[in-house]
Structure formats: C-alpha cells, structure tokens
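**Q** As a plain string of letters, each chain reads:
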Amino acid sequence: MPHAALDLNTPTADEVKTTTCYMCACRCGIRVHLKDGRVRYIDGNPQHPVNRGVICAKGSAGIKQHYSPARLSKPLLRTGERGAGEFREIEWDEALALAAQWLGDIRKRNPDELAFFTGRDQSQALTAWWAQQFGTTNYAAHGGFCSVNMAAAGMYTFGGSFWEFGEPDWELTKYLMLWGVAEDHDSNPIKLGLGKLKARGAKIVAINPVRTGYGAIADEWVPINPGSDGLLAGAFIHELLRHDRVDLDYLVRYTNAHHLVIRDAGAADDGLIARDAAGHALCAARATANDSTDGGDKGAGTILARADAIDISPLVVGEYILADGRTAVPSFQLLAERFLADEYTPESVSARCGVDVTTIRRLARELAETAFDQAISLDQAWTDAHGREHASMRGRPVSMHAMRGISAHANGFHTCRTLHILQMLLGAIDTPGSFRYQPPYPKSAPPPNRPGKSRKDNGSLDGGPLGYVQSPEDLLVDADGQPRRLDKAYSWQHPLAAHGIMQSVIRNAWAGDPYRIDTLFMFMANMGWNSSMNTMGTRQMLCDRDADSGEYRIPHIIYSDAYLSETVAFADLVLPDTTYLERHDCISMLDRPISDADCAADAIRQPVVEADRDVRPFQDVLIDLGTRIGLPGLLNDDGTAKYPGGFAQYMVEHERAPGVGMLAGWRGADGSRSGFGEPNPQQLKRYVEHGCVWEARVPDAARYYKMANRDYLAWAKSLGFVGSTEAIVMQFYCETLQRFRLAARGHGAQQPPESERERVARYFDPLPFWYGHLDSSGSAGEADYPLSAITQRPMFMYHSWGSQNAWLRQIATRNYLYLNPRTAGTNGVGDGDWIWLVSPIARIRVQARFHSATAPGTVWTWNAIGKRKGAWKLAAHAPENRDGFLLNHLINELLPSERNSPGCANADPLTGQAAWFDLRVRIERDPTPQVDGHRIEMNETRAMR
Amino acid sequence: MTSLPAATTRKLGLVIDLDTCVGCHACAVACKEWNDGGSFGPLPDADPYGKEPSGVWFNRVHSYEVAGIENRESGVGEKRERLVSGLAFPTPDSPFPVPEPSARPIPDSPFPIPAHAMSLHFPRSCLHCETPACVTVCPTGASYKRAEDGIVLVDEDKCIGCQLCAWACPYGAREFSAQRGVMQKCTLCVDRIYNETLDEADRQPACVMACPTRARHFGDLGDAQSDVSKLVAERGGYALMPEFGYQPVNRYLPPRPRRDASCAQAQPAVEAIDTAQLSPLLRWVDRVLSR
Amino acid sequence: MRPTFSIIFFTVVSGAGYGLWLLVGLAHALVWPGCMLDPATGTVDVQVSVCRMPSTLTLAWAAGFLLVSAGLLSSLAHLGQPRRAWRALSQWRSSWLSREGIAALLAYVPATGLFLIWLGQQSPGHLVPALILENETLVRVTGALLAAASVVTVFCTANIYACLKPIRAWHNRLVVPAHLAFAALSGMLLLWALAALPRWDLMPAAQETVWSVLLPFAVIVLAVISAAIKLAYWKQIDRPSGLRTAHAIGLDALGNVRSFEQPHTQENYLTHEMGFRIARKHSRKLRMICLLAGFATPAILALLALLLPALGAFAAWLALLAGMSGIFLERWLFFAEARHAVMLYYAAHGD
Ligand SMILES: Nc1nc2c(c(=O)[nH]1)N[C@H]1C(S)=C(S)[C@@H](COP(=O)(O)OP(=O)(O)OC[C@H]3O[C@@H](n4cnc5c(=O)[nH]c(N)nc54)[C@H](O)[C@@H]3O)O[C@H]1N2
Ligand SMILES: Nc1nc2c(c(=O)[nH]1)N[C@H]1C(S)=C(S)[C@@H](COP(=O)(O)OP(=O)(O)OC[C@H]3O[C@@H](n4cnc5c(=O)[nH]c(N)nc54)[C@H](O)[C@@H]3O)O[C@H]1N2
Ligand code: SF4
Ligand code: SF4
Ligand code: SF4
Ligand code: SF4
Ligand code: SF4
Ligand SMILES: [Mo]
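Chains as they are written, first to last, in the working numbering: chain P, -6 to 938; chain S, -6 to 284; chain B, 206 to 556.
Don't read these hints as lab results, they were simulated from the structure. Computed from a predicted model, the values in this text were never measured in an experiment.
From chain S, some residues computed to sit far from chain B (all C-beta separations above 10 Å):
| id | residue |
| --- | --- |
| 1 | A(-1) |
| 2 | T2 |
| 3 | P35 |
| 4 | E189 |
| 5 | R196 |
| 6 | K223 |
| 7 | R228 |
| 8 | D253 |
Taking lysine to aspartate or glutamate and the DMTMM-like style, the derived pairs with C-alpha atoms no more than 25 Å apart in a straight line are:
| id | chain 1 | residue 1 | chain 2 | residue 2 |
| --- | --- | --- | --- | --- |
| 9 | P | K28 | S | E193 |
| 10 | B | K486 | P | D826 |
| 11 | S | K223 | P | E164 |
| 12 | P | K678 | P | D605 |
Backbone N, C-alpha and C define an ideal beta-carbon position, used for all residues, glycine too.
All chains, please: the whole structure from these sequences, using the hints.
**A** Laid out in structure tokens, this is it:
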C-alpha cells in the first residue's frame, strides 16, 4: 500500500485571520493561517481588491520575516560609541521618559530642533499629524528619495499621478508603454494587469535601459540611455504634432491648452494665463452669430471667452489681443512651437537616447494609430461636469505607466510632465483604454493644501508640514530667502518638494546647513545604509563630533525599527516596533489608499498574533509620547490621555475635521455611512469582518472622464475626495511654475536669493523641456565617467529587509554588476571578473556579469542586496556583506557643480527628488580579477563635506 | 510500488505560460511556504543566515537571456510552432545553428544598440511524467505514481535517501534533504487539491494560486475538454525534452510572437507638416473645435 | 556528477571483492576439487583433501568477504536513512538498485557455503558432514554460484548507472562491460598479490608454475581489455552532446539561450550534486594517469614477473597498488566527467 501515512484532509489551520500584507507597500490582502498559535502559512485574500488572491514572493515569505532572528526585542539605550552597536536593554518606561524629556525640552525651546523623518509610507496620516501638533516643520516621509518627481509632476499637471494614484485601463487598453518601471509599488496589480494584457493580445512596450521582469514579456524593448526619456517623449510629441495626430477636442475640453498666455516680456504677469476681471481664465474662440463683438473681437470671427465656457469653439493657435491691448497666445501654440523645433526631431534625439530614428517614428505612429484609428467607444451614457449628456464614452486605448526610471533623475519632473503632455495630446487620460485615475484622485492640479508655515498659540503648525505650494508666497523661507526647513524643502533650492527631502536631512543636520538641530527622530528608514547617498560619508556624519565641545554634531538620535538594520547601530535610543502581524495599522484615504480605478478603498492591519517580545507598535508609542509631552489633540480638556487605547482607538475616534477620520468605511454611529460620519465604535470590527478592507465602487456612469464627469465628481464629493463638483482642468501649461520664474525675474514680494535666480528661471518653465545631467560628477565630465549606473528592484526583495528572510535570501544573497558584453569588451572585462567601479566620490570593487539585454552605455545591479557586516543577524562573512554591494557609495549627495547654490542636493531642482539614476561611472580593472571580495574606497577628499 | 500504473485516467498537471511569466519567484516561495508546513514538509534550510544558505525547494525559477538573436523577422512563438509542426526535435547530433549576435549601430551614438536581446523566465518543478524513470529506479517503492491522477510522490517513510531518483530525473525536480535524509519533490499540492477542509476555490496548487500574472494553470491534461488541454491546444503547449521518453504531463506555453518592429508595416507616406517650410501652426488655424 | 567518496569506495572496493569472489568461485567450479597436496605427506591424498582449499584461495575468499562487506557498508553510509536499507530489496522488478541489493545478499549464500566447506576441512567430520565435503559436484556448484552471483551483482551495479538516461556518460553501452572488466581486473590483481604471500599449505610444483604464469598473464589480458573498453568509452563520451539550454527549455529556435540568473545565487542540491565539473585539461591529465597506473603499470609489472619470476611478489604488490589507484581514479572520473541533463538549465552556455 503506497504511502500509508498520507492524509489528504489534514486541516491546515486552527484559525484564519485576514489582514494587510506589509512585506512591501503594495498592501495586498492576506489570509494568515494559524496553527498551534503559530503562523502556518500566509496566502492572498481572493476577495481583496488589490491582489485578488495572488501573492508575491515577499508576501509568502512574510512568515520568515515575522519569525526573523533579527527582530528587535526590547528598547535599547546606547552605551558605546555611535555606530558601534553597543546597547543596554532598558524598560519602556525609561525609554519613553527619556524620549519625552528630549522632545519636551525641544518643543519648549524651538520645535524645529526636532527633525522627525519617517521613511516608509503607511503611517503618514498619523506621523504628519503628530509633527503638525508638535509644531516642527522638519517632518517628511520617504517621497523625496523615492518618486516625488512622479507625484509632483502628476499632481501639478493633472491632479493625479502614475505613482500609486492611477493605473492603465487593464481591461481595455490595446497599447501599454512602460517607462522605466521594474516593479513599482503596485506590484501585484501590475502583474495581474500585464497577465490580462498578454491574454488579450495588447501590445506592451518597455522603454528601459535594461530588459528584465516586466520588460521580459513586453513585445518590444526600447533600450534607452538613462536620463533621456524626456527627449524621446519629446520626439514622439514632435511626430504627433508634425503629422497632426493630436486630439485637439480633448485638449480644449479637459486641459488648459486653449488658455491664453500673456505675452508681455518683462511684465510681472508675462507668461501667466490671461484672466478676466473676475479672475476667470480666457481663451480665444470662434465667434458665432450670437456673439457680440464687444467681447474684444480682435480678429475676423474670433472672440475672447471664458476658457471654461461650454459650447464654444476655442482656438489653439494664433495671437490674440487682450482687452488691455497686450497679446496672448493659446498655450497649445507655445507647446507646439517648442516641440516642433529641431531640438526634438527624431534625428536630433536619436543618438542621445540610443534609439534609432525609424523606431522613434514608428512608435509615435503606433501610438497615434492605436489612439485614433483604433479608438473604442463604450456604450455607457454619462454626464459631463457642465451637465451635458453623452451617449457613449470614447476611448483612446493607449496607456502609459512610468516610475522611477523617469523620476529618479534630476530632470524627472519635466520628463514626467512631458509624458503627461504626450498622454493629453493623445486624448488618453481617464478615457476607456487609457491611463485611469484611482479615487480619491483626480484632485485639482495642484491640490489646494499648502504646507503649514507658522505656529499657532498651542504650538502646533497651522497646516500639515507637507503640501503643495502654489506660488512663491507659500515657500518656507526666511526673510533672506534662506530655507526654513532642515531639508531645504519648499526653499528656493527645491520649491516644489512636496514630499520633503529626506535624503538631505543627515547631511544638513551634520553640516548645520541651514542650522543645527537637537534630535533626529527617524522611523522605518534605513538611512545608515541603502536610502542614503554617499553611504560611508553619511555613516561618518552620524558619528561625527564637534571639535570644540566633543559632543555629537547631531546630539540625539531616536530610531524606531523592527529589525536589526544597519541604522540601528547609530541610534542613541532604539524603540523596537512590532512586526506587521502584531499590530494595528491604517491604510488611510488621508494618506496613500489602496483604491483602484473602479473603487475607492482603504484598509487596516490587525494584530493576528501577539508579540512575544517586549516591543510596542510605533504608532502606539508615538501617541504615548505625544500624550506625555502634552501635544494638542492628544489630551482631553481635563489633561487626561485622549487615546489610552493607542492607535486602534485613534483610528476609530480621531477626527481631522468633523466627520472625517482615518478610515472612510462604516462611519456614523451605526456604521451606515461612508466617507463622512461620526466615529463608529464598531468600525474596526466591521473592517475585520470584511477582510480588513473597505471598498466603494465608482458608479458605472462615473468610471471615466473623472476629471469632468458630473456623476464622478458628485460621488467623490459625497465621500470627501473633492471639495466641489467643478471640472478639474489639466495643466497642459503649468502656470504655477511660471509664477516662480517671474519671481526669479524680479517680480513679486518673494524673490529668490541671487544665488538661486538663474536656476529658478531656468527650471521653472511652464512647459516641459529636457535637460541633461546636472553635473553630479563634479568638474569631471562625461568623458571621464562614460557609463550610467542604475539599480533595479528585485521582485522578491523589499529594499534592505529581505536579507534577514531565510527564504528570500536564498534567491539572492548577493548581487553582481551587470553589463553588456560589448561594454565589457571595450573595458577589458571578462564575465565574472572583479572590477572597480569608479565615481568621483569613491570606488567599489564589484563582480561583473554579462547581460546582453542591457543597453551598452549602462551598467546596473539589483538594489539594496549588499549588506553591512553586523546587521540583520547575518553571519560575518555572509555573501551579502562579503560580495554584495550598494551603488549608493558612489552617489554624491551634493551637486558639486552648483557653485552658486552651495549645499545643493543631488536632486531635481524643482522637487528635491533624489537623482539616484544620474550616477556616472567608469570601470577600472583590478590586478587580481579572480579574487573574490567587495571593497569600498572613499575618495580621500570626499567623505564628509 | 515502483512499477508504473498501466495508464492513469486523469493526468493532473501544470501548464506554465512562458509568454507571461515575469520571473517574480512568487510561485517558488508560495510552494516553499505551503509545503514547509504541509504533509510533505518541512522543507529544511541549511545555514539559513550564514555563508552558504541552501534549502529544499520544489520549484525554482530560472532567468535566461537570449542574446543577439534577430527575433525581429519572425516571432519566437511562430518559430516554435513551425518547429513543433514541421521539424523534429533536434537530436543530440543535429543541434540548431547558433545565430551570430548582431547589433545595429546608431550613427553618432557612442554605443550601438544591443541586438534585440530577450529575457525569458522559466519556472521548473516536477512534470509528473507518465513514464518517469525516477519512479522505476527507486529501490524501495517510496517513489510512486498514483494511478488515480498520475501525481508522482515520494513516501518519506519508505525513502532511504539513495538519491537515485534525483539522478534519474532530467528536469531537476527532485531535491534531497540532507537534514531529513529523504528525497523531496513537488507533490502537485496533493494535500491541497483534495483537502476538504479547504474551500473548494482554494483546492489548487499553492503556486498556481499565488502567481501574480496568472501564468500558471492547473488541471487535467488527460481530458481533452479541460481548460488546460484547450489552452495547450490553442497555444502550442509543449513538453520538455521528450527524447528522454518520460512523457511529461506538464506543458509549457511558448512566448507568443513579439509584435515589435518586425510586425510594423512599412512607414506609410503620411502627409506631414514640413517644419522647414511655412509655419506648421497654420495647420490648426482653421480647425473648428468644440468645448 | 559529484564524485562522492562513499559511492566510489563502494563500487571500487566491492567491485574488487566481487572480482575476487568471482575468481574464488571459478576456481572451485573449475579447478580445485581434488588437486591439493596433503600438508602432512606432501602427496595427493584424495581421501582427506578432496576439497581442501588452497590457502591463497582462503585468503582470497576472506579478502573478498572483507571488501564486499566494507563496500556494502560504505554504500549504506551514502544513504539518508541507512536503517531502512532493507526496504531497498523490494523493487527488484524495476529497480537495478534493488536487484543489486538482492544479488549482493544472494552472493553471500554460496560464499557462506564455501566458508562452511573450508571450515569443515579444518576439522573434518565435525562441523560439516564428510558427505558434503566429499561431494565434488556440490563444491563445484557452490563455486559456480558464487562466481555467477558476483558477476550479477557487478552487472546490476553497472546497470544502476547505465540505465540513467539523463546522464549521457553513464547511459552508455560500455558502462556495464567496463564495470565487469574492472571488477575482474582488480580481483585478479588482488589474487596475484595474495598468491605472492607465504602459504601455509603446499602445492604441486607443476601447479606452482602454472599459478605463477597464469596470474600475471591474466592480469595482462584483463588490463588490456579494460584499457580498451575505457579508451573506447572516453572516445564516445567526448563527442559533443549538441544539447543546449535552448533545447532544455523547449525553445530550440531561440538559439543562443544563456543562463542570466540562476534560481539561487548560492549552490543548491542540484548544482552541488550534479553541477560538478572538471576542466577538460584536468580530465585529460587524470585519464593519462589512470591509464598508466591502472592498466599499463600492472601489465608491465606482470610482464616483468613473467620474465623475472624472482620479482614476482614485489611486482604483484606494486601492480595491485598501482592498479587499484588507477581504478579509483577511473571511478572518480566516471563521476566527475559525467554531466547531468539538468545542468542544461543552469548552464551559462550549452553543454
Ligand atoms: N541606489 C539606490 N538607492 C535607493 C534607491 C534606488 O533605486 N537605488 N531607491 C530609493 C527608494 S525609492 C527608497 S523608497 C529607499 C528605501 O530605503 P528605506 O526607506 O531605507 O527602505 P528599507 O530598506 O525598506 O528600510 C526600512 C527600514 O524599516 C525597517 N522596518 C521594516 N518593517 C518595519 C516595521 O514594521 N516597523 C518599523 N519601525 N520598521 C520596520 C527595516 O528594518 C528597515 O530598516 O531607497 C532609496 N535608495
Ligand atoms: N519587490 C519590490 N517591490 C518594490 C520595492 C522593492 O524594494 N522591492 N520598492 C518599492 C518602492 S519604495 C518603489 S519607489 C517602487 C519603485 O518601483 P520602480 O520604479 O519599478 O523601481 P526601480 O526598480 O527603481 O525601477 C526603475 C526602472 O527604471 C529603469 N531606468 C533607470 N533609469 C532609466 C531611465 O533613464 N529611463 C528609463 N526609461 N528607465 C530607466 C531601470 O532599469 C528600472 O527598470 O517599487 C516598490 N516596490
Ligand atoms: S506585493 Fe507582495 S509584499 Fe507587497 S503587499 Fe502584495 S503580497 Fe505583500
Ligand atoms: S519531472 Fe522528474 S521527478 Fe517529476 S515525474 Fe518526471 S522524472 Fe520524475
Ligand atoms: S531517494 Fe528515496 S525515493 Fe529516491 S530512489 Fe531512493 S528510496 Fe526512492
Ligand atoms: S504544485 Fe505545489 S508542490 Fe508543486 S510546485 Fe506548485 S506549489 Fe510546489
Ligand atoms: S509566479 Fe508566475 S510570473 Fe512569477 S515566476 Fe512563477 S510563473 Fe512566473
Ligand atoms: Mo521608493
């Protein structure tokens, strides 16, 4: 009898609990199967809108992360030197008292002396609020080093974003162009979507210097040279314009392409949009029989009309005379002039992009053919924001998705805007088959919330520390135009830094540029390793002492991590967090919700197992600390703690505005309301009953044209996503940028300091344009550093955390430097050789491997596989620290060439987005290429600066 | 019993779509996770946090590159189809010719573009062969093929760990666990697919449920009417290395023809605005738009 | 394939053991009954010594026993669950390993028979009834059975490898003959060496001469045959397989498919067991050494012994030393040079 002992009906679990995965930021729904009090296995929740039951490698391996030996187990107080990793275990009471003392003193003295930076992204609704109550402007999350270019360009252009706030129409698109995407935050939805596209036979084009992952299954791979996407997209625009393959009707309906732009060189409003007395934007339109000519008809049959008027026939080219006699032109004309110029012909961009002319022409043609010749129409009646009814929805089945390949360059903001313009010209934003917004987006472009600037009587900031500046008046600068924030966000160096500039914090705090702080409080960011540039320098800065006083230049560092990461060693006080299976979390509509294009959704995480160590959820700790130092909003009127039940209670009871709380589902006393409503004590229970997720489906008639769809806007308003049901106008022409440029030209009360004028005037162009690398390699030019060096996310690892995972690290314990065999040949490198990779600030010894599907001008590696010895409870000579490496050692955190603007971050000049992928390197041969081992050698002159 | 069943009525197996697989390793880890705690577990790891971590996996994902092939002229899938229908499989003595890598330089560019290199991901697990030697070589009867559904299993209580079956498998589907002293392999999640304590919808292999691109399919390949059989018929699904005569049940779906430059028609002569001539903007002067 | 010491030791040592037993068995079957001298009188005493085993053969039997048993024990060491080894006897209908196990155990039966006969001779009439001792047919049959069982066991062992299609170098017609030849050769070398040891019995002078000529001569013949088989085998396995990664993944048409990333960056069971590779240069050198040590040296020494009988003992032991190291090397190469088809999935370039 074969296999006598085989029982096919073994119950797999005593209990199954749902929660939300946090092995990455995709936030899939998971089922945790528990047996004998332990996690037996974790699988995807089939009912969950994000992942529909599928689960990635990281998600399945969550079990190993949860039981990782590298988990912290007790608060730690530093006993040795910083960086040495010598600690004493202390009780929570002592830890919290100490932190409360440091923070309390700061708050009394000057709240800005606290820099509170939270790397990861799922608690911002709480942490930002906490910082606001504390009153520090020095708060940010990880967006600055991640993809703020993508977010900001999208929000300023069309009130949405590729990054998390939108998606291709997976059901209907016929053509998907992926720009610089390896994995994205939307990991599982994108994979599900790609699977659908493949099954349907839609064409997928991957524009990427490297072909792996998603690119592997793409129909076509366009091996582009890094940093040149703006040129390629510009050439597509050129081709579309030249062949008149643009959707002008779409443009005049949904964008400001017809808005008139004042042409009055030297004037304070040059380049702004012409408005009538009441402030309504104007356009030129064809006169009809009914039009009286007193509206300022300055040409045969044209009138000036309110640009938002309906049933007019706007003009997109021509020069028109305004009521005051000045001239103005439709913004479309300005854009057409720019992109029809020789600069953007396929011939001009081909060499820089590394894409041949015929391919550029063909791809542009394919975009147009799909958008226009294969347009689709949905049998779905809808009503536009002006109340006009339409029998069907026309679709342009071309979609695009872009990520850090675009955003992690210093030209990323404009490149991303170029892509959005390209989408608009194709009429392919939120139409059937194209890119689609995910609720609560679209919002007005940009959204109205500005960063808080001043402190109220109770010490709190008058607004959230992060927001969208609309004009120079909103910047956080002092009377001399110098930065008020430690990271220099919202300063003239990076005015649109909507997510802050986390990667600048340590360097600036160390350098006292613009000022010194007392306490650096970090949460869930491995700044001592993979999220810093010039990593070795950064590690030195964290340990550096003042020559005079002998004190650390950054006096206090508090850090909350759940694991023994590289950064833990640098903290004075370590607050150990739980794992994601041991706590409540809130994936809030106020932060980065999990909606897809057809439903608004938020979610929670619930503790599915009890912590077996002396650890506390960071959110509870933050509320506790805030209560101890008496932050407004955390105490009752009688001075007692408002949320003794910690974060779980806060999630339910805290109200941002009356009726608005952390969670949108099951609000109101009886749980019957969505979006608005008083707190419901049963709310968490309801979430748990529903797989820890709440969804609200977008009504059928509201599914597309969300920016101008009455049903959608009304629905969104009812849920509190938008303030009014007025149509949202896409900013084809970005007037906000022009306001900054005008300031740089000497207009207005807020003007940049002299050192920044030129930069601001150059980069604050209201129309997108392309520029090459800001010179991050110092005086040395491209000739000295002929190769681009970039990284990619491995699909099975999440940044630095994965290496403590017994299963994931078996897939990759170390990384290699991949390069095209041709590039290797030119540099005399053999497959498997150890070589030196050299940048102006350091050189690292890495092992090279051939990869044909890499553009020859590019070398690359998987991100954050290399680990520091001593971290993550790995063996001393684990491959991660012996052979694995980070490119970060080579990346300069400053721009040496920006001499006029000292201490300027190696970042996008508009948004402060870290320019990780602008790194240029050269290869040097090693005398013993067969000898294993990674090494880092800093350039003597350049560790700390 | 080591002797193979005469013929199995059902042939349960997997169909893996190489056209869609992005190489994410989700299937491999989900498999490891399910089986580690399942009836056939644990799947031990050696030196998990040390210098040479390794462990037992039932499913491993390879990444390949196809260098320098000009797959522009005709799609990969087409070639494969032609191969399947027209030609015999290559015998050891008649390997296919290796195309020379080629690259087209771009004028003025310091770098030539790489020839149209492909990346390909390839998950590998037991194929539940119909006549596998892994079963017949087994001296103990621990390895066996189930008559009812064709699943090839190892009875760990009988296995002596001689590893002969691993040698006999050309597909690398068997992994010996030194810690446990027995051979382990993909079970086609037999402890899931029949498990009545699970919801009906969950009675599928862990790797199939996990696969985020849905590139993995599970079903009865012995039933011509099953979804998987139809998929195989439609997409030209094929068995791996049939020359060994093991008759794998699992099928792989070849990459579809890639629609890149090769499929593009010649550039039609479109009337374009000649930017060198009169102002291109004139074209839009007379355009009547509606808002 | 990774050369694992326990398996190499097992196949070489038990091979030698069975080689010896083959010779011991053959001797009993064909030659010995009735040809011994009475140690007391120095004459043929048909009455007493019908089946007296010459002391060399006694030694050979014992050595065979030791080698076979040590080999089998070492093969157990290779098992993950040695205590369940008995289960390996159950699948003789399909499994060569099972058959080998059974054959190996069965070989102990005639071997024990011969042992009992020998024991009986030590104290005639006590342990074993004279009737049996004096039954020449029985002795011959027992000998023949031992010879047959030895051959069958080695044949099964060889077939364990030869039946494995995924390993081209093993799935080869010459593998079985080679194993048999090497077993015989090593047995013969051993016997020759044992014959050179001092004996406690006497042998007719004529037989002494035959003995000292026959053994070296047989060594030469077997060495030449073994070498020829091995040379032919190497020639065959050196032919390129033509198999490439593209073929293994079923996409031959793609042509140049190369492993970009293996499933795991560190070694795993498969790469460890089956990924073992030896450089061509290396294997050439080792093959030469193997030929010289394993076949040429014994043959030359045997020739020397024929020409200069005085050197016989020395030559025999030297030949054994050289021959066995050559055969060990041969067996190591048998593994090291064999490539498993699964490695196509791992190969950076085809096989
Ligand atoms: N060269 C290069 N560098 C890069 C990038 C790149 O592409 N190339 N990418 C950049 C980008 S986009 C990003 S987002 C950053 C990411 O860089 P980081 O934000 O530093 O990301 P992680 O490595 O994930 O580190 C997060 C920390 O959170 C800890 N952690 C994990 N789970 C928990 C928990 O539950 N509670 C607490 N308190 N802590 C926890 C981890 O142990 C780890 O120390 O890296 C940036 N750096
Ligand atoms: N598995 C996993 N998933 C993750 C993460 C993780 O660590 N692991 N991290 C999460 C985080 S924080 C983020 S920000 C997202 C990031 O998600 P992605 O944006 O997908 O992140 P990267 O891996 O940095 O991918 C950048 C891609 O752009 C390409 N690229 C680089 N430069 C250029 C260029 O100039 N032009 C073009 N066209 N392409 C270029 C690179 O080759 C790479 O393929 O992923 C999230 N998801
Ligand atoms: S993509 Fe994977 S790791 Fe990220 S949330 Fe989803 S299952 Fe978890
Ligand atoms: S794939 Fe290998 S292990 Fe699975 S049945 Fe076939 S031969 Fe046996
Ligand atoms: S290792 Fe186990 S299953 Fe494999 S052949 Fe040996 S006894 Fe059979
Ligand atoms: S069927 Fe089950 S055992 Fe087999 S590879 Fe898939 S998950 Fe693993
Ligand atoms: S889970 Fe699916 S997409 Fe990912 S590697 Fe496995 S088969 Fe490929
Ligand atoms: Mo990120």
